[in-house]
Amino acid sequence: MNRNLGILAKYFGNSLIRNQKCFISNRNYLPSLMKAQQISYANIHDLTKRKFSSSSSSSSHQDQIEKDFQTAIANFPKIINADNDTKLRLIALCKQGSIGPCTGDKPSMFSASEKATYQAWKSLGEMSQDDAKKEYIEVVNKLLNENPDKSTKQKEPELVFEERDQVYWIKLNRPKQYNALTPEMYRGLIDALKRSAEDPGIKFTVITGNGPYFSSGNDLNNFPRAIEEFDGDIPKAMDVSRALCQEFVSAFIDFPKMLIGAINGPCFGIMFTTLGLYDCVIATEKVFFTCPFSSLGQSPEGCSTHTFPQIFGPSLASELLYFNYRMPAEEAHRLGLVSRIVPSDKLQNHLEEWLYSEKGLVKTCYPNSMFNAKGIVRNEETRLKLHEINKVECDFLQQSWASEECADALQKFYSRK
Numbered sequence: 001m002n003r004n005l006g007i008l009a010k011y012f013g014n015s016l017i018r019n020q021k022c023f024i025s026n027r028n029y030l031p032s033l034m035k036a037q038q039i040s041y042a043n044i045h046d047l048t049k050r051k052f053s054s055s056s057s058s059s060s061h062q063d064q065i066e067k068d069f070q071t072a073i074a075n076f077p078k079i080i081n082a083d084n085d086t087k088l089r090l091i092a093l094c095k096q097g098s099i100g101p102c103t104g105d106k107p108s109m110f111s112a113s114e115k116a117t118y119q120a121w122k123s124l125g126e127m128s129q130d131d132a133k134k135e136y137i138e139v140v141n142k143l144l145n146e147n148p149d150k151s152t153k154q155k156e157p158e159l160v161f162e163e164r165d166q167v168y169w170i171k172l173n174r175p176k177q178y179n180a181l182t183p184e185m186y187r188g189l190i191d192a193l194k195r196s197a198e199d200p201g202i203k204f205t206v207i208t209g210n211g212p213y214f215s216s217g218n219d220l221n222n223f224p225r226a227i228e229e230f231d232g233d234i235p236k237a238m239d240v241s242r243a244l245c246q247e248f249v250s251a252f253i254d255f256p257k258m259l260i261g262a263i264n265g266p267c268f269g270i271m272f273t274t275l276g277l278y279d280c281v282i283a284t285e286k287v288f289f290t291c292p293f294s295s296l297g298q299s300p301e302g303c304s305t306h307t308f309p310q311i312f313g314p315s316l317a318s319e320l321l322y323f324n325y326r327m328p329a330e331e332a333h334r335l336g337l338v339s340r341i342v343p344s345d346k347l348q349n350h351l352e353e354w355l356y357s358e359k360g361l362v363k364t365c366y367p368n369s370m371f372n373a374k375g376i377v378r379n380e381e382t383r384l385k386l387h388e389i390n391k392v393e394c395d396f397l398q399q400s401w402a403s404e405e406c407a408d409a410l411q412k413f414y415s416r417k
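Following the UniProt record's numbering, the numbering of the sequence shown begins with 1 at its first residue and continues without gaps.
One or more hints might be untrue.
[To be verified] Keeping only pairs whose Cα atoms sit at most 20 Å apart, straight-line, the calculated SDA-like set for lysine to any residue is:
1) K194 to V206
2) K257 to H387
3) K257 to A197
4) K374 to K176
Think of the hints as simulated: they come from the structure by calculation, not from any bench.
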C-alpha cells in the first residue's frame with residue numbers, strides 16, 4: 001500500500017506533494033499540462049528571447065520586485081486564457097525566481113508532469129532570479145490584462161434546478177466537460193435529492209443533462225484537485241473522496257419518491273451504474289452506456305455489482321463491469337434498463353407530455369400509492385443490503401485508487417491525444 005501511495009505521489013508531482021513554496025497552486029495545472037502539446041510555440045519563442053538587465057539595484061527596488069512577484073503568484077490561478085506551454089514556462093520561471101537555476105541531474109524515473117516541469121526549468125539556463133521574477137510578473141500581468149473580464153466572469157452553475165408543477169427537475173450543466181461530475185456536483189445532487197424527498201409538493205424527480213452527453217461520469221481531474229485541497233495528503237484525499245462516493249450512492253438507495261432518468265446522450269461510469277437505482281429510465285437513440293473500470297484501473301460502484309447481474313444477467317453484466325462493454329440504447333431497452341426510447345430532438349417535449357398532459361403522470365398518479373408501492377419494492381431489508389454492497393464497493397474502489405494500475409491509467413489518460 002505505501003509503495004503504491006508513493007507511485008501516486010510521484011504521478012501527481014513531488015512539488016505538489018511536498019508543497020514547495022515555488023509550486024503554483026493552480027487546480028487546473030496538472031490536467032492541462034498533461035494534454036497534448038498541439039499549440040503554436042510563437043508566443044513561447046517571444047518569451048525566450050526576452051531579456052532584462054540584471055544591474056545592481058537598491059534594497060527598496062528588490063523589495064518591490066519581490067512584492068510584485070508574490071502578487072503575480074497569487075494572481076496566477078485567475079489566468080484562463082493562456083496555452084499550456086505558457087503556463088508551463090510560468091511554472092519554470094517561478095522555480096527559477098524562487099530557487100535559482102536548475103542544477104540537479106534529471107531523475108531516472110518520474111511522471112510526465114515532472115518531466116515537463118524539469119525540462120522547462122532546465123531550459124532557463126543561468127537566467128538570474130531577478131530576471132526570472134521580472135519575466136514572470138510581466139507575463140502574468142499581460143495575460144490578466146488581455147482579457148480582464150474573463151477572470152471575473154461569473155461561472156455557470158454546474159447543476160440547474162427547477163421545481164415546477166409537482167416535478168423537481170435536475171439538469172447536469174457542464175456541457176463543455178461532457179457533464180463530468182465534480183465534488184461540488186456530487187454534493188449538489190445529494191442535497192437536491194434530499195430537498196425533493198422532503199418537499200411534500202413533489203411527486204417526481206427528473207435528472208437529465210445539458211448538451212450532447214448525459215454524463216461522462218466522474219471528472220478524473222478530481223484526483224489532483226483533491227490531493228491539492230489536502231496539501232498533498234493522499235490518504236486523507238482518498239478517505240474524503242470515498243466517503244463522498246458512498247454518500248452519493250446512498251442518496252439514490254434511500255430516495256423514497258419517483259426518480260426518472262432522462263438520458264439525453266452517452267452515459268458513463270457512476271451516472272450509468274446508479275441507473276439501476278432509478279425507478280424509470282428513458283433514453284434517446286443517441287445514447288450508449290459504458291463503465292470503463294478496468295481501463296482506468298478502478299472498480300465498480302453504484303451497487304452495480306448487485307443490480308447489473310439482476311438486470312442484464314451474469315454474462316452481459318460481466319462484459320459491462322469487467323470488459324468495458326459499450327451498450328447501445330436499443331440493447332438497454334430490450335433488456336429492461338430503459339423503458340422507452342425517444343427521438344433526441346423530442347426528448348423534452350416527450351417528458352412534458354408524459355408528465356403534464358391531461359393523461360400525464362402528475363394528474364393521474366396518486367403520490368402515496370406510488371410511494372407505498374416503492375416502499376414495498378425497496379423495503380428496509382433491500383435497502384440494508386444495498387447499503388452494505390455500497391460500502392463494500394467503496395472499500396474496493398478506495399483500494400484501487402492507491403494501486404499502481406490506477407496511477408498508470410491516469411498518467412496515460414492525461415498524456416494521450
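Here is what the structure says about each hint:
1. Simply put, K194 and V206 have alpha-carbon atoms about 14 Å apart, close enough for the 20 Å limit, and the pair holds.
2. At roughly 18 Å between alpha-carbon atoms, K257 and H387 fall within 20 Å of each other, so this suggested pair holds.
3. Our distance criterion of 20 Å between C-alpha atoms is met by K257 and A197, whose separation comes to about 6 Å.
4. With a CA separation close to 36 Å, the supplied pair K374 and K176 exceeds the 20 Å bound.
Violated hint: 4 only; the structure is consistent with all others.
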